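Chains as they are written, first to last, in the numbering used here: chain F, 24 to 248; chain P, 1170 to 1384; chain C, 2 to 240.
What the hints contain is simulated information worked out from the structure, not anything from laboratory work. All values derive from a computational prediction rather than experimental measurement. Incorrect hints may appear among the rest.
Computed Cβ-Cβ distance ranges for the label pairs, DEER-style [claimed, not checked]: (1) C/Q20 - F/S44: 31 to 39 angstroms; (2) P/E1380 - C/V5: 31 to 39 angstroms; (3) C/G177 - F/P113: 27 to 35 angstroms; (4) C/G43 - P/W1328: 49 to 57 angstroms; (5) C/S195 - P/E1381: 35 to 43 angstroms; (6) C/Q154 - P/T1221: 46 to 54 angstroms.
Below, computed lysine to aspartate or glutamate pairings styled on EDC-like, alpha-carbon distance capped at 20 angstroms [stated by the list, open to error]: (7) F/K45 - C/D94; (8) F/K45 - C/E93; (9) C/K183 - C/E162; (10) C/K173 - C/D123; (11) C/K183 - C/E199; (12) C/K173 - C/D204.
All C-beta atoms in this analysis are idealised placements derived from N, C-alpha and C, irrespective of residue type, glycine included.
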Amino acid sequence: MTYARRALAVAWKDLVVERRSKETLNALLFFSLALLFVFQFALGPDRERLAAVLPGLLWLGFILSGVLGLGRAFLVERENDCWEALQLTPGDKSAIYLGKLAGSLVLMAVVETLVLALFVLFFNVDLGPALPGLALVIGLGTVGIAAVGTLFAAMTTQVRARELLFPVLLLPVLVPVLLGTVKATEALLLREPLAAVAHWLQLLVAADVIYLAIGLLTFDFILEG
Amino acid sequence: MTTLLGWLAGLGLVAGLVMGFGVAPREVTQGNVQRIMYLHVPAVWVAYLTFTVGFAASIAYLAGRRPGADRLAHAACEVGTVFLGVNIATGAIWGKPTWGTWWTWDARLTSVAVVFVMFLAYLLLRGAIEDHERGARYGAVLSIVAALNIPLVHFSVYWWRTLHQPPSLLKPGSSTMPRVILTALLVNFAAQALLGAYFVARRARLLAAEEEALA
Amino acid sequence: MVAVPLIRVVGLVRVFGAQRVLDGVDLDVGAGEAVALLGPNGAGKTTLLKIVATLLRPTRGTATVGGHDCVRQAEAARAILGVVAHGAHVYEDLTARENLAFWLRMGGHAADRDALAGALADVDLERHADARVRTFSAGMRRRLALARLTLTQPRVLLLDEPFAGLDQRARKWLEGRLETFKAGGGAVLMATHSFGRELGVADRLAILAGGRMALDTPRAGLDPQDVQRLYVAHTEEAS
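Produce the entire structure from the sequences given, and follow the hints as far as they go.
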């Protein structure tokens, strides 16, 4: 099926380029590390205060790295007229959206795993039995962030002041995802069962479905020019 | 047609003011300040109504590419943002004497603020795109995302905090509001809706004139 | 019976904000013909090419490729189009082979090793097949872009400054390729800045100035000085 082949080609291309240039991954990892220091210094050594805001900090880290990384999603296409060449490819352009999304998800998964590990180390968090539930919440939240982020990245690629416009567009839209993930993470870290955060999980799933649907249905219009 | 709309809106506003400041009863604990509710509450209903119109117009534009649909979407989103601004401002004016603070992070205020910022970003995007046709396309996609995000924002924020009065109008069963207050609210809603429609029509006309001047 | 020209542009207008970049342009390019599009910077050459390439919508007027309208039948037009923009559509960190494989897959074609090797050999790049494009010269990148066209077999070629940055050998190679393409019945529209020997491949010259077609004339019998004179005359007129 050529749709799947094209989506996979885009994802593969992005991951190979990233692996060879290492531009984005390195920058994101160092950025996350710097954020950790900033959080620690801004909030002081009080262990209990840190523990209370930990879920918020974690997701701040995820979302800010996401904004940085996703904002660059179509940067490589801007060079050498590759964006135009993509516009000229036949068939449903949403395959390109899906491929970009998949590549971004892999990248974000790597960054988030490392950030989580750093959090556990620096702030002495005991994840324990909460880990599977946490992985689910992080997965759902990341899909939402990437789904909107990829769409908006495509939109702002061709616009002046794109580095400023991209976060301004993305952050308000992501408020539901931010609330859902932080609240669910908070509950899970307090060892509450997954069932207690069912409504948040449902919200995240609904958001993911809506954002993915819009992305798939409207990407053609974005790539038109 | 638009002029008629303007006149109707003007009449409606007068009726609304009479209802809100004259006919409706004075609130016992808050005093006359509470009357600002007759501006505050309908404003957000009208805003969400215009965003729905913008949503539909955006889909129509992407489907048919008629410039009229884009102008309607653009105008609707702008006017909606203005009405949200009115809602936020009147909310702050109401809140200061009532709760002692201009702002609190309660569910309703926060949701409206988030939606307000979303649509401000829409206006920013359209301002930043020079090519008119691309602005129309990207604007349509963004307004679709923003409109569909509104219920998600409201649910997430509501579950996050609840300090505001529970929404009495949408409760199943009988309304908890006395009849005269409900009537006053609805009259004001109708008036503001007419005003909103008038603004949208004028704004769309202005957009058409801008396009003609450039082409 | 007169065949519909492979490229037909009628009354094309394109407005950007407050600027009329194209102000009523007509142009025909027939099978086996190559037209060189000349004009000062900002004259609208790239805009015209982009509209014919289905990458931009005109404000008014029509453009058709092989009889297909560029706006309403864009997919059909793209199926017979071969476009090489200035950047050559290459990803710097991929190898030549990987670039070719990617674009072929995106075009819905299979990218098996034999097809790739054949296309690369066709443009004399098989020795560099596994080198990263970052190390390539302008000529090599242009050749890689054309390697893809070897497999997609377009009927219309749109080229933006195809000879820019090429050395003598690469220029001769490209001229030969374009002649072969024309001989096979293809149509070529190329925007160019140079009046040198490479214009030899063009059958007609079209000078775009001030958003209008200032001159559309056969090239035969004109040497580079004549072209220069015509160019100066017509672009000064328009400004």
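Hint by hint, here is what the structure shows:
no., hint, in the structure
1, C/Q20 - F/S44: 31 to 39 angstroms, "holds (37 angstroms)"
2, P/E1380 - C/V5: 31 to 39 angstroms, "holds (33 angstroms)"
3, C/G177 - F/P113: 27 to 35 angstroms, "holds (29 angstroms)"
4, C/G43 - P/W1328: 49 to 57 angstroms, "holds (55 angstroms)"
5, C/S195 - P/E1381: 35 to 43 angstroms, "holds (40 angstroms)"
6, C/Q154 - P/T1221: 46 to 54 angstroms, "holds (49 angstroms)"
7, F/K45 - C/D94, "holds (11 angstroms)"
8, F/K45 - C/E93, "holds (13 angstroms)"
9, C/K183 - C/E162, "holds (18 angstroms)"
10, C/K173 - C/D123, "holds (15 angstroms)"
11, C/K183 - C/E199, "holds (15 angstroms)"
12, C/K173 - C/D204, "holds (17 angstroms)"
Violated hints for the displayed structure: none, as all numbered hints are satisfied.
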